[in-house]
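Trainee: Each chain, written out:
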Amino acid sequence: MDFPEELKYTEDHEWVLVENDVVTVGITNFAQDQLGDIVFVELPEVGDMLEEGKTFGVVESVKAVSDVYAPVAGEVVEVNEVLPDEPEALNNSPYEAGWMIKIKLADPAVLDGLMNVTAYKEFVEKD
Amino acid sequence: MRYLPHTDVDVQQMLDQIGVSKIDELFSGIPEDCRLQRPLDLNAAGSESEVLLFLRELAEKNSKVSDWDAFLGGGAYNHFIPAVVDQLVSRSEFYTAYTPYQPEISQGTLQAIFEFQTLICQLTGMDVANASMYDGASACAEAVLLTIRAGKKRKKVLLSQALPPQYRETTATYCRYLDIELVDIPLQNGLTNQAELQTMLDDQVAAVVVGYPNYFGQIEDLATIAELTHASGARLVAAVPEPLALALYKSPGELGADIVVGEGQSFGIPLSYGGPGIGFFAVRKKDMRVLPGRLVGETTDKDGKRGFVLTLATREQHIRREKATSNICSNQGMCVLMVSIYLALHGKQGLRQLAEVNYAKASYAKEKIAQLKGFSVTFPGASFNEFVITCSEPVAALKKRLEQGGILAGISLGRDYSNLENGLLVCVTEQNSREQIDRLVSALAGGEA
Amino acid sequence: MISTEGRGLVLNENLLFEQSQPGRVGYSVAGLDVPAVTPDSHLIREDISDFPELSEVDVVRHYTRLSTWNYGVDSGFYPLGSCTMKYNPKINEVAARLPGFTDIHPQTPEALNQGALELMYNLQRDLGEISGFPAITLQPAAGAQGEFAGMLMIRAWQEARGQKRHKVIIPDTAHGTNPASSALCGYEVITVASDGILSKEAVAAVMDDDVAALMVTNPNTLGLFEADIREICDLVHERGGLVYSDGANLNAMMGISRPGDIGIDVMHFNLHKTFSTPHGGGGPGSGPVGVVDKLKPFMPVPFIVKGDGGYQLEYNCPQSIGRLKSFYGHFGILVRAYSYILSMGGEGLKRASELAVLNANYIRARLENEYDLPNKQRSLHEVVFSEDALQNDCHTLDVAKRLIDYGYHPPTIYFPLVVHGALMIEPTETESKQTIDEFCDALLAIAAESKNNPELLKQAPVRAKVRRLDETAAARKPKLRWERE
Numbered sequence: 001m002d003f004p005e006e007l008k009y010t011e012d013h014e015w016v017l018v019e020n021d022v023v024t025v026g027i028t029n030f031a032q033d034q035l036g037d038i039v040f041v042e043l044p045e046v047g048d049m050l051e052e053g054k055t056f057g058v059v060e061s062v063k064a065v066s067d068v069y070a071p072v073a074g075e076v077v078e079v080n081e082v083l084p085d086e087p088e089a090l091n092n093s094p095y096e097a098g099w100m101i102k103i104k105l106a107d108p109a110v111l112d113g114l115m116n117v118t119a120y121k122e123f124v125e126k127d
Numbered sequence: 001m002r003y004l005p006h007t008d009v010d011v012q013q014m015l016d017q018i019g020v021s022k023i024d025e026l027f028s029g030i031p032e033d034c035r036l037q038r039p040l041d042l043n044a045a046g047s048e049s050e051v052l053l054f055l056r057e058l059a060e061k062n063s064k065v066s067d068w069d070a071f072l073g074g075g076a077y078n079h080f081i082p083a084v085v086d087q088l089v090s091r092s093e094f095y096t097a098y099t100p101y102q103p104e105i106s107q108g109t110l111q112a113i114f115e116f117q118t119l120i121c122q123l124t125g126m127d128v129a130n131a132s133m134y135d136g137a138s139a140c141a142e143a144v145l146l147t148i149r150a151g152k153k154r155k156k157v158l159l160s161q162a163l164p165p166q167y168r169e170t171t172a173t174y175c176r177y178l179d180i181e182l183v184d185i186p187l188q189n190g191l192t193n194q195a196e197l198q199t200m201l202d203d204q205v206a207a208v209v210v211g212y213p214n215y216f217g218q219i220e221d222l223a224t225i226a227e228l229t230h231a232s233g234a235r236l237v238a239a240v241p242e243p244l245a246l247a248l249y250k251s252p253g254e255l256g257a258d259i260v261v262g263e264g265q266s267f268g269i270p271l272s273y274g275g276p277g278i279g280f281f282a283v284r285k286k287d288m289r290v291l292p293g294r295l296v297g298e299t300t301d302k303d304g305k306r307g308f309v310l311t312l313a314t315r316e317q318h319i320r321r322e323k324a325t326s327n328i329c330s331n332q333g334m335c336v337l338m339v340s341i342y343l344a345l346h347g348k349q350g351l352r353q354l355a356e357v358n359y360a361k362a363s364y365a366k367e368k369i370a371q372l373k374g375f376s377v378t379f380p381g382a383s384f385n386e387f388v389i390t391c392s393e394p395v396a397a398l399k400k401r402l403e404q405g406g407i408l409a410g411i412s413l414g415r416d417y418s419n420l421e422n423g424l425l426v427c428v429t430e431q432n433s434r435e436q437i438d439r440l441v442s443a444l445a446g447g448e449a
Numbered sequence: 001m002i003s004t005e006g007r008g009l010v011l012n013e014n015l016l017f018e019q020s021q022p023g024r025v026g027y028s029v030a031g032l033d034v035p036a037v038t039p040d041s042h043l044i045r046e047d048i049s050d051f052p053e054l055s056e057v058d059v060v061r062h063y064t065r066l067s068t069w070n071y072g073v074d075s076g077f078y079p080l081g082s083c084t085m086k087y088n089p090k091i092n093e094v095a096a097r098l099p100g101f102t103d104i105h106p107q108t109p110e111a112l113n114q115g116a117l118e119l120m121y122n123l124q125r126d127l128g129e130i131s132g133f134p135a136i137t138l139q140p141a142a143g144a145q146g147e148f149a150g151m152l153m154i155r156a157w158q159e160a161r162g163q164k165r166h167k168v169i170i171p172d173t174a175h176g177t178n179p180a181s182s183a184l185c186g187y188e189v190i191t192v193a194s195d196g197i198l199s200k201e202a203v204a205a206v207m208d209d210d211v212a213a214l215m216v217t218n219p220n221t222l223g224l225f226e227a228d229i230r231e232i233c234d235l236v237h238e239r240g241g242l243v244y245s246d247g248a249n250l251n252a253m254m255g256i257s258r259p260g261d262i263g264i265d266v267m268h269f270n271l272h273k274t275f276s277t278p279h280g281g282g283g284p285g286s287g288p289v290g291v292v293d294k295l296k297p298f299m300p301v302p303f304i305v306k307g308d309g310g311y312q313l314e315y316n317c318p319q320s321i322g323r324l325k326s327f328y329g330h331f332g333i334l335v336r337a338y339s340y341i342l343s344m345g346g347e348g349l350k351r352a353s354e355l356a357v358l359n360a361n362y363i364r365a366r367l368e369n370e371y372d373l374p375n376k377q378r379s380l381h382e383v384v385f386s387e388d389a390l391q392n393d394c395h396t397l398d399v400a401k402r403l404i405d406y407g408y409h410p411p412t413i414y415f416p417l418v419v420h421g422a423l424m425i426e427p428t429e430t431e432s433k434q435t436i437d438e439f440c441d442a443l444l445a446i447a448a449e450s451k452n453n454p455e456l457l458k459q460a461p462v463r464a465k466v467r468r469l470d471e472t473a474a475a476r477k478p479k480l481r482w483e484r485e
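Protein chains in written order, with the numbering used here: chain A, 1 to 127; chain B, 1 to 449; chain C, 1 to 485.
Please keep in mind that the hints were generated in silico from the structure rather than gathered at the bench.
Check each hint, because a few of them may be wrong.
Quick partial rundown of chain B residues pointing at chain C, CB under 7 Å, derived from the structure [what the hints assert, rightly or not]: (1) 29; (2) 442; (3) 446.
The calculated lysine-lysine pairs, modelled on DSSO-like cross-linking and capped at a C-alpha distance of 27 Å, are [as the list claims (entries may be wrong)]: (4) 477/C / 63/A; (5) 63/A / 296/C; (6) 305/B / 90/C; (7) 153/B / 305/B.
Since we're looking at a predicted model, the values are computed, not measured.
Ideal Cβ placement from N, Cα and C applies to all residues, glycine included.
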């Protein structure tokens with residue numbers, strides 16, 4: 001199962017791509033595999049303020065629902081408008097076409113709490 | 001016992017296989033102090049003939065509306081039920097099945113629900129309908145909860161006083177502990193008072209709920225109410241206690257309602273002392289994912305053949321548990337069938353014609369009563385098959401007097417509306433002949449019933 | 001003799017709307033005996049667009065054909081765990097259709113419908129005797145509404161004595177309706193893990209002065225009696241809480257143990273499970289609730305009382321939680337349940353529970369060597385296997401679908417969630433040893449197939465009206481109604 005080197009990861013199986021003060025967030029290959037065929041995605045609106053650790057959206061498969069949590073605090077600056085119509089992108093391309101939202105960081109220091117790829121791989125194996 | 005197939009030999013062989021010597025040992029997990037130490041104090045088992053005889057005696061102590069000149073409505077309507085309905089719903093492949101969780105062997109139920117959803121959408125003028133709720137009142141309560149879920153922190157709901165009292169009370173029960181403020185909208189001439197409504201609407205209001213027809217049988221001006229409601233960012237819920245009216249009057253969907261709920265008993269379901277009936281629940285596409293209850297959707301099987309499945313189940317309690325859109329688990333399956341069969345039989349022409357007959361008969365009665373000394377028709381607006389009359393003699397005594405003559409004249413409004421103490425809600429359907437109506441009129445006038 | 005051989009005639013049938021022909025009718029409305037009038041034209045709607053136009057024959061064939069694609073208890077064995085799919089006696093259907101029951105209006109004065117009220121009064125009394133509760137309401141429309149009513153009464157009682165409690169404890173084996181009903185009463189749900197049965201220690205660890213109630217299902221969804229229930233009830237009561245019991249599994253207990261005697265404060269009945277009323281393809285159900293004396297003032301209105309003037313609907317209850325629905329519960333279902341109790345009698349009901357438990361244990365004994373049984377305690381009316389003994393990447397879903405090819409309705413699958421790939425079998429008492437033997441033979445044959453020919457499971461069913469359906473596509477692009485292309 002692939003987990004790109006350049007990303008950071010959370011214990012809720014989300015990935016985070018850091019580009020200056022904007023981070024892109026999605027769910028990992030492991031998460032989409034656990035959920036199975038994803039049929040629906042609910043995303044916040046641009047301009048919403050997110051609190052770290054609070055839910056910002058929902059991902060649903062036919063028989064399961066999973067909240068997605070904000071890995072960092074900040075303002076939503078972009079959402080992947082395509083996802084609501086093509087939720088399968090989360091299954092087929094979790095790291096690219098399946099990105100969910102972009103957040104403008106309130107405090108860059110919080111990134112230190114995220115896992116790197118090695119740590120995340122260990123975490124997944126334990127889980 | 002005729003439903004219990006076990007012979008003594010069967011029981012013995014089964015115990016041997018299990019490895020215990022008597023059935024009682026299978027209950028060893030129940031502590032002694034949790035056991036009932038005496039036999040249940042119930043009747044002895046009755047034979048089929050005895051049970052039926054006894055139940056028939058109870059049934060005969062009741063008053064069938066067919067034995068009376070009955071003008072009762074108020075949320076339960078006496079309509080003729082074609083023979084086909086009961087013949088078909090008596091097919092036990094339908095009624096002895098469970099919820100269609102195994103779609104491959106439940107396509108009958110599933111297709112029937114899909115058709116029901118479509119029929120309800122067509123009738124109400126809406127986009128999406130669910131597989132049904134318990135009844136009109138609880139569907140109304142669930143509609144209010146939907147508007148709160150979807151209403152982005154708005155916590156107030158305005159209920160027209162002309163919404164059926166049962167709907168208002170049930171809604172109050174559902175909202176009891178949910179931090180929702182329910183406020184009554186006053187009336188004018190038996191209709192929701194639009195000027196008052198306008199002053200009550202603010203950015204805290206999630207929904208406005210009105211009856212269509214309302215409890216007094218009146219046809220509300222939904223289009224104007226929708227306009228006012230939408231201007232404040234709230235949803236309009238139209239609650240329909242007598243859906244036959246929708247075959248004649250403009251649909252709530254056409255007039256701008258966001259949610260249409262109601263009671264489907266009129267369509268082929270016996271009165272049965274008020275239950276079971278069926279609640280229907282229809283919304284616009286935008287609210288599809290916050291709907292309560294079950295939904296059936298179309299899909300294909302492995303070979304590409306059309307089939308139907310329960311879908312969007314993640315809204316429901318068995319998956320989302322305390323975050324579900326409702327705690328409802330069942331739908332009114334058997335009643336879904338009754339309604340669908342009834343509507344399929346009547347179809348486009350029949351339903352309209354039946355609605356026109358109801359309207360014409362009620363209009364005839366209304367006009368005759370309006371001419372009587374001591375009586376007046378209370379409200380001037382358009383109505384369907386029910387209307388309110390004001391009586392100069394106390395309603396309780398009047399009803400009693402008419403009862404002596406074999407007439408169930410209507411429903412007293414005094415208990416629910418203090419300003420209508422002399423009001424009587426009269427319902428006339430296709431089941432009431434002109435002779436019956438004439439008898440009612442002459443009995444009201446004080447003549448022989 | 002088990003077999004997947006056979007032939008059947010399964011024909012296609014289009015939707016009502018696709019068969020519609022303009023001008024065709026299936027009704028006859030009696031001629032108008034009063035002057036024809038119509039409302040103001042601006043109020044009138046156009047024709048209901050695309051509403052079906054069919055003959056009576058069209059409609060009869062349509063639904064008859066649809067019915068043949070269904071599987072009901074009358075078609076065969078239906079061992080759906082937790083759903084108690086027992087035989088639905090035909091006398092109940094006849095009774096509920098007596099004109100003196102169907103043709104009575106809820107707004108007719110009470111004095112004129114004494115038979116209906118007497119029936120309801122008697123049923124209240126009988127359900128009270130079976131459960132040990134002094135007061136019963138017949139109002140709730142279904143089990144879930146019964147739960148809601150029960151939890152509302154608990155909250156009303158707590159508030160009446162000045163207690164603003166916010167939490168409800170629910171074991172992880174509970175039906176989803178339990179947390180959903182609690183949430184509707186404004187409660188926060190505290191989930192507690194159970195190891196087969198709920199332990200006093202597990203409850204004690206989360207029980208505090210902010211807990212309004214504990215909700216249990218007894219016997220629980222693993223088919224196990226909650227052996228510590230008395231102590232657990234005492235513990236909850238000591239801290240000012242009440243105990244709600246989900247009566248879904250009452251079929252194991254009639255005449256054997258009464259919830260009202262062992263510390264439970266509130267319980268709902270599922271008349272469509274324990275009391276043989278038909279499930280109707282999804283409903284209508286009926287969910288009466290029994291309560292202890294102290295909760296009686298909070299019962300929903302109306303309920304039936306017997307006074308000097310006969311039976312009456314009682315509305316004058318200032319502390320009542322209010323009304324749950326339009327009229328007086330699902331009366332037509334109450335008639336069926338009462339007919340069942342009359343037919344069975346007290347002894348018959350106890351025998352039914354005994355044989356339900358015997359049947360379930362017999363299935364367990366016949367299958368436990370081939371299917372993994374995670375909980376080894378003595379179980380009652382149902383048995384729950386896991387998928388862990390299945391071979392070749394076969395799962396519970398595959399077993400369920402293969403059972404269809406053998407002519408059975410599958411058991412409940414993937415519930416309770418605490419069992420991996422749960423296969424939850426509840427035979428009920430109305431199935432004979434021979435039926436159960438054939439069913440067990442089929443499950444054993446399927447276990448063998450999973451080893452030798454797993455494709456038979458993966459491809460199943462092949463003999464039903466349709467093959468496995470694409471539920472993902474249905475949910476991604478929902479098509480929830482027919483529309484003209």
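Trainee: Are the hints correct? Go through all of them and say.
Mentor: Verification of the hints:
Contact between residue 29/B and chain C, as hinted, is supported at the beta carbon level, the nearest pair being about 4 Å apart and thus within 7 Å. With a least beta-carbon distance of about 16 Å to chain C, the hint placing residue 442/B at the interface is violated under the 7 Å criterion. With a least beta-carbon distance of about 21 Å to chain C, the hint placing residue 446/B at the interface is violated under the 7 Å criterion. As the CA atoms of residue 477/C and residue 63/A are separated by approximately 16 Å, the hinted pair is consistent with the 27 Å bound.
At roughly 39 Å between alpha-carbon atoms, residue 63/A and residue 296/C are farther apart than 27 Å, so this suggested pair is violated. With a C-alpha separation of about 36 Å, the suggested pairing of residue 305/B with residue 90/C is violated against the 27 Å cut-off. Restraint check for residue 153/B and residue 305/B: not satisfied, since their Cα atoms lie roughly 44 Å apart, outside the 27 Å limit.
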